[in-house]
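Engineer: What follows is each chain in one-letter form.
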Amino acid sequence: MKFREKALIMDEASIRRALIRIAHEINEANKGVEGVALVGIRRRGGPLANQLASQIESIEGIKPPVGVLDITLYRDDLTTLGPAPIVHRTEVDFDVTGKVIVLVDDVIFTGRTARAALDALMDLGRPRRIQLAVLIDRGHRELPIKPDFVGKNVPTSRQEIVSVLVKEIDGEDKVVIEEVVR
Amino acid sequence: MKLLVKGGRVIDPKNSVDEIADVLIIDGKIAAIGRDLSVDGDEDVVDAEGKIVCPGFIDIHAHLRDPGYEYKEDIITGSKAAAAGGFTTVCCMSNTDPVIDDGIVARHVLRKSEQAGLINVLPIGSITKKLEGEELSEMAELAREGCVAFSDDGNPVMKSDVMRHALEYAHMLNLPILSHCEDLNLSRDGLMHEGYYSTLYGLQGIPAEAEEIMVARDVKLAVLTGARLHVCHVSTTGSLHIIEQAKAAGACVTCEATPHHLTLTDEIVGDYDTNTKVNPPLRSEAHVKALAHALASGLIDCIATDHAPHNVESKDCEYAKASSGISGLETAVAVIMDRLVHTGLLHITDMVRLFTVGPCRVLGLDSGTLTLESKADITIIDADAIRRVDPATFYSKGKNTPFKGMELRGWPWMTISGGRIVAREGRLA
Amino acid sequence: MRFDRRKDLLGLRDVEREEIEAVLETAVPMKDIITRDMKKVPTLKGKSIITVFYENSTRTRTSFDLAGRYLSADTPNLTVSTSSVQKGESLKDTIKTIEMMGPDVLVMRHSLSGAPHYVARNTSMRVINAGDGINEHPTQALLDMYSILERKGRLEGLKVVIVGDILHSRVARSNIFGLSKFGCELRVVGPSTLIPSDIEKLGVKAYANLEAGIRGADVINVLRIQKERQHGALFPSIDEYRELYMVKPEHLALAADDAIVLHPGPMNRGIEISTELAESSRCVVNEQVTNGVAVRMAILYLMLGGGRDEIAC
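Protein chains in written order, with the working numbering: chain A, 1 to 182; chain B, 1 to 429; chain C, 1 to 313.
It is worth saying that the hints were derived from the structure and are not from the lab. Values in this document were obtained by computation on a predicted structure and should not be read as measured data. The C-beta atom is built at its ideal place from N, Cα and C for all residues, glycine as well. Careful, some of the hints might be misleading.
[Said to hold, decoys possible] Cut-off 27 Å, straight-line C-alpha distance, at most; resulting in silico cross-link-like pairs (BS3-like, lysine-lysine):
#1 B:Lys404 / C:Lys7
#2 C:Lys31 / C:Lys181
#3 C:Lys31 / A:Lys99
[Unchecked claim] Among chain C residues calculated to face chain A with C-beta under 8 Å, some are:
#4 Val41
#5 Leu302
#6 Gly305
[What the hints assert, rightly or not] These stretches of chain C come out as covered by chain A in the derived footprint (C-beta under 8 Å, 3 or more residues):
#7 2-12
#8 27-36
Extracted from the complex, chain A is given alone in its bound form (with noise of 0.2 Å):
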């Protein structure tokens, strides 16, 4: 299959403009960053997860912790796919128990990954709060999850793509909706 780029959602600063806001609104929600961490869900939200610390930091002056969640193995939908995904390694670093954990993803869609996610992370310990915040969320909820923290809602059909793209990974900041060329 092939993609095409349909139009520009987010450029890099309406990005960062966006992981600003968002920053405020963990330190708003949570009054203050004491007690809470960053867990990115690989891969996307990794990066994301890291930017937002910065942020965070450059706003508070405290940096929080910040890990990276692989959820393979705890997806729902393993035996629908061909061969089996690639696992990665977890790496949380920090005891998750007793902390305000904020989940970071770069979209939203079923809310499977969510829910993948969730039970990945209570396998970890036992936080006290768990937040979700997603760059994109593009709504054809299927679970009843529903995220804290939003850089941009944007409504598509079930056919596009949303793609986020990140630095790290593909080299440049912005997200786009793609569709597939026939």
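Take the given structure of chain A and dock chains B and C to it, following the hints.
Structural biologist: Frame of chain A, contents of chains B and C only:
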């Protein structure tokens, strides 16, 4: 009863015939061979144009399993398989139950073969009672009842003194000993040829020397006793060297090779397909090449199938537990034609010799020719017929063959036994 | 061939380097799971993995059992008692019976080479060979390779020596097949009666002398000597074996500076390996046990984690 086989290429090595000719059969005997034999209308005519007309093929080494193992094969199904495979004479080995160590068992074989009424079945008596390798069988009685040779095939005679006495005694009767040469102490738990592939496949190996040591011993004993020794299913270069030397020195030593040892290597054991399990084991490429060369050079006296049919249960199991052996009567000619004759390794007239006068010389039989007045046993080959080996169509009860699924060129086209057409294109007439 | 596309894992002879890499890479996050408090992920919930052992081996069986459980699969064991074999049931029928009970994977150990290959041809279950006769023990070799990789950071170009009864060792054979795909320099050491013929044609150098074989080695894999082999007149006595082939700390001095020692276990201390060596930090035998679970989790995940539609049978 007249039958005219018209226009085929007649190859009769004994009489040095290789020409296009008609063969006329009257009352089960060869009545005339020549061009454009006149037709008077009351004979059946077989149009053999483009086919090769030979004396009936003889297999001096087959296991027909009867009596005792009729669930693997019996004289009737074995005879059908032989006829379909182009053989008019088959010698059956003594490892039945009871063993052919007594005249009455030999008589059973002959009587049942008469019932089958298809081809000649000649029994081979055992060397020792119950194949135990200890006491000699009553060889004179066995000879009187029709046994054409003696063999404990499947079980080597391990004791050298017993073998010596067997050779001496058989010599007195002017019959050969067909020896299964294997040093059991050396082959022990072996499952395949010892070498690169046994190491690669993780199966215990059987060194070539397990065979060669016993070939050497038996050759020495043949020289000592002056007896006729025939080495069964020779499979290694070392055995060939020993036999070559013995022959050069004038010893009465002959040998046979099987179609599978002549064409298959140990590499094919890799999938642990029990159809590849056979004793002696399939050897490495160098041995196989040397064997084919020795066949063409005349060092090997005849081709024998070592037809070893097994029931499904004996093969559908773990490799180590499987019985050894290949069901060979219905593929032997096609395998040799396809792999040796069509590849230029063996001349067609040599192939005919190896299936006719060759085995006759080993056993001292005067058949294997198209000499006038001799019994009209004829095998006709279609050198260009192409068929795939399908064990499901075998007349033999044994469907165990590593040639399964192979497409082979050159098949028996007709088998005539005693002047009667018994098989045509692999099917019984 | 991709590892997650194969129906069975019967040996490393026909497994490609890329497949081995996939297993070794997947085993890393699996090991993380074993070492945390919550040692369970829901990945293979609803799958079942049956272990059928025709030969005793508590450790391999337990390793598979735990690997399956950590991934939330059910892992029943079938104890093949000698009596059921004596009742005359064929292997084919036993396996068919098991298949009809519905497990997804059959983990099998058998005393006869090629038995799992025979079974794999006759069942729709996926078959993992947990050791067959003197042929292969692929999961042991994969855990050995993982242990080497973890300590050395690479496999490429390492000098690996295997010491002991090479002839009857499925561990040796699978290690040779696996490591040779990574360009390792392979050697075997043992009495000439226990070295298989034509081993050099597998790209392996054979040594009868322990010192010569160990010189410069990065990895020394010491095999368990099976005392019953002695009755086959393959070596004169345990005493003489110990004298000639027991690997001791002074042998490490001949090896590369940071050489490590592996042993598939259970060890005969004081026979093939000295206690001082077995307990030194260079000996990774305990890590091998943990890694064995991780590697088997990786194998089970790769074989069962995806959908079944596109599996090449």
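Engineer: If a hint holds in the structure, say so; if it doesn't, say that too.
Structural biologist: Against the structure, the hints come out as follows:
In summary, the hint linking Lys404 of chain B to Lys7 of chain C is supported, as the alpha carbons are separated by about 25 Å, within the 27 Å threshold. Using a Cα cut-off of 27 Å, the hinted pair Lys31 of chain C and Lys181 of chain C holds, with the two alpha carbons roughly 24 Å apart. Distance restraint check for Lys31 of chain C and Lys99 of chain A: the Cα-Cα separation of roughly 25 Å lies within the 27 Å cut-off, and the hinted pair is therefore satisfied. With a cut of 8 Å, the hint placing Val41 of chain C at the interface with chain A holds, because the nearest CB-to-CB distance is about 4 Å.
Here the hint on Leu302 of chain C is kept, as its CB sits about 5 Å from the closest CB of chain A, short of 8 Å. Because the smallest distance between the Cβ of Gly305 of chain C and any Cβ of chain A comes to about 3 Å, under 8 Å, the interface hint for this residue holds. Here's how the stretch 2-12 of chain C fares: 3 of its residues keep a CB closer than 8 Å to some CB of chain A, so the rule of at least three is met and the hint holds. Counting residues of the stretch 27-36 of chain C whose beta-carbon sits less than 8 Å from any beta-carbon of chain A gives 6, enough to reach three: the coverage restraint holds.
Hint compliance for this structure: every hint is met.
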